[in-house]
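Each protein sequence line maps, in turn, to chains Z and W.
Quick note: the first sequence uses our numbering, first residue 1, plus one each step.
Quick note: the second sequence uses our numbering, first residue 1, plus one each step.
No lab work stands behind these hints: they were computed from the structure.
Predicted model, so just to flag it, every value in this text is computed and none were measured.
Note that beta-carbon positions come from the ideal geometry of N, C-alpha and C, so glycine has one too.
Not one of these hints is a red herring.
Now the stretches of chain W that chain Z is said to cover, found in silico as 3 or more residues with beta-carbon under 8 angstroms:
hint	stretch
1	132-138
2	252-265
3	311-318
In silico negatives: residues of chain Z with every beta carbon more than 12 angstroms from chain W:
hint	residue
4	Val95
5	Val116
6	Ser173
7	Phe181
8	Asn213
9	Thr229
10	Gly239
11	Leu302
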Amino acid sequence: MSRTEATQTLRTRLDIPRWSWGVVVAVLVVVWRWAEVSELAASGPGRTIALQALLTGLLIGGVYGLVAMGLSLIFGVLEIINFAHGAFLTLAMYVTWLIATTTGIDPYLTLLITPVIMFVVGAAVQRVVISPAMGQPLENQLLLTFALAILIENALLLVFAANPRSVRIPWASAAIGPLDFPLRLGGAIIELPRILAFLGGLVIAGGLFAFLNRTRTGTAIRAVGLNPTGAALVGVPVGRIQVMTFGIGTAVAAAAGVLVLPFLTLEPTTGAQFNILSFVIVVLGGLGNVGGALVGGLLIGLTQELGGLLFPGQSKLLPVFIIFIATLFLKPEGLFGGGAE
Amino acid sequence: MRARLAEAQSQLLVLAAMAAILATVPLWLHGSGRTVAIRVLISAGVGVGWNVMGGFAGQFSFGHAAYFGIGAYTGAYLLVSHGISPWIGMVVGAVLAAGFGALTGWLSFRYRLRGAYFALATFAFAEMLRLVVQAQGWLNATQGLQVPVRPESSWWMMQFSTTSPNYYFIGLALVVVLVAITILLVTSRRGMFIVAVREDEEGAAAAGVDGTANKVAAVALSGAMTAVMGTFFVQVFFFIDPELAFGPAESVAILLPAVIGGTGTIWGPVVGALILIPLGEWTAGIVRDPPAFLDAVAGRSGLDLVLFAILLILILLFLPKGVYGSLAHRWRR
Chain Z
1 MSRTEATQTL RTRLDIPRWS WGVVVAVLVV VWRWAEVSEL AASGPGRTIA
51 LQALLTGLLI GGVYGLVAMG LSLIFGVLEI INFAHGAFLT LAMYVTWLIA
101 TTTGIDPYLT LLITPVIMFV VGAAVQRVVI SPAMGQPLEN QLLLTFALAI
151 LIENALLLVF AANPRSVRIP WASAAIGPLD FPLRLGGAII ELPRILAFLG
201 GLVIAGGLFA FLNRTRTGTA IRAVGLNPTG AALVGVPVGR IQVMTFGIGT
251 AVAAAAGVLV LPFLTLEPTT GAQFNILSFV IVVLGGLGNV GGALVGGLLI
301 GLTQELGGLL FPGQSKLLPV FIIFIATLFL KPEGLFGGGA E
Chain W
1 MRARLAEAQS QLLVLAAMAA ILATVPLWLH GSGRTVAIRV LISAGVGVGW
51 NVMGGFAGQF SFGHAAYFGI GAYTGAYLLV SHGISPWIGM VVGAVLAAGF
101 GALTGWLSFR YRLRGAYFAL ATFAFAEMLR LVVQAQGWLN ATQGLQVPVR
151 PESSWWMMQF STTSPNYYFI GLALVVVLVA ITILLVTSRR GMFIVAVRED
201 EEGAAAAGVD GTANKVAAVA LSGAMTAVMG TFFVQVFFFI DPELAFGPAE
251 SVAILLPAVI GGTGTIWGPV VGALILIPLG EWTAGIVRDP PAFLDAVAGR
301 SGLDLVLFAI LLILILLFLP KGVYGSLAHR WRR
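Based on the sequences and whatever the hints tell you, model everything.
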């Protein structure tokens, strides 16, 4: 406590904004990897590669943010590390694929169907599997969701086999108004589905944010996240709100699944990559801070792509984990402080 | 003090009796059954190691693959590149794992990580090790390391013919030593401190027990114990790669026997391993030779893990203290 106070007085005296440390670190990294940076900046193709990485990272970051928002909601309100979040996303992608291939409707139209189905699935899972374990130690809850992930992934493997599948949008490369898709910007190529995923992610995130802050149900969800006992005392049906929260979190992941399906290859393990990234983003954005999750998503998307350029030969995930550990140690409340805690 | 000594003695006696019985296993179990028995021993060993940190010290680790992998890779690297005996590799690996555990543990406690945050940090450390090892040419990157097959059997090089019972005996001896360490720890002063810190850190601190030092000691010991089984694993299966050593699946495989058996109990992880590995074999067997009503899915992969996951969920829901933990709890009442 005293340490925090001391830090705060120090900050008011020196008046250094927090984000400046991020700038310092970024500058240090650029100096450290000067060889890579200068090579990218010197040549035309290098600049194109850098621009492409920047745009790809930013666009996928919007989707990461959306996935993480669902997780952050569950994490913040139920205090459960949900390792099945990525598996739910995969399940939603298969549902969408099934609907799109059997009925022939445009995959984007399933945004009205898939999240609803997945809301019911998520709510049922919370009701049947998670809620009996709510008071139990952390490892039991964590293993339960992990077992759920194994169950979903392997059930999909059983039914659909490991064959990679894909859904492609016929109107993805076409001229729409003055714009010619796929869009070309200084040599970089931006596919329409990626732009739609980014914009869709922003719109849905905004909708969720408004729902949580402007409606009675949203207020009840935030109340349960802050203090379940207090919420119960003032008449909030805590159990039902928890079921609803898990459902909403899952539906958000499902919406993200629909948005990424047109440019990802669908396999039973496709969603797993989103899972780990989502945890990083949730911590980065602040536990239960749904708005922070979106910004965290953009940051991680950029870190992944630009880190891949600056540290060639290393995994794209390594810089992400370094940021994760640094956040846990230095700012465990997240970059913007917790929303629900 | 005397009661604790008596407790230690009686537990060690139980351990000796069990070891004597289990030493007869190679007499009547051959072929693939013996491989399953060795896998049970490895699972029990890593579970016992995890239990010191996750059970007795109450610091839930979701990244014990870090220690397992350090043990596995240290033993394999020293053997493959320098021809050094795995026994020495085992000791070096255990020391390195203890050092890694002490460093990461101290950092995590220094910055007051708890609960879910602590678990995620351990997970991130294991993943970082995996990603780093994957990029190292001298460790053969993603290809992994293969133990060279020797023409003759050798105790010093821990390599025998595939039908030899010696692998089983070494595994059994390692598990016995690890369980004995647990018994001695739990009944010692240090063990009391560790449990006291788990139950009430402020209260323990008020009584003069240093929380951080005891937690770090538990993490280091737990890491070293798990690393030993990692080295043994490589000798048994002749192969290690980054995913196998440091992957999230390994972290789960390490904590499962303890959680299924019962965390914070001496025998929990052993019981858990005795349930888990045969259960996994059984579900895998169903897929190889399915009953009539499952003909539709014969030859498809995934069924065994679906069954395994369902059973795991049922155990977690209905025996939340673990199989041994729940039984022991009921017994005492």
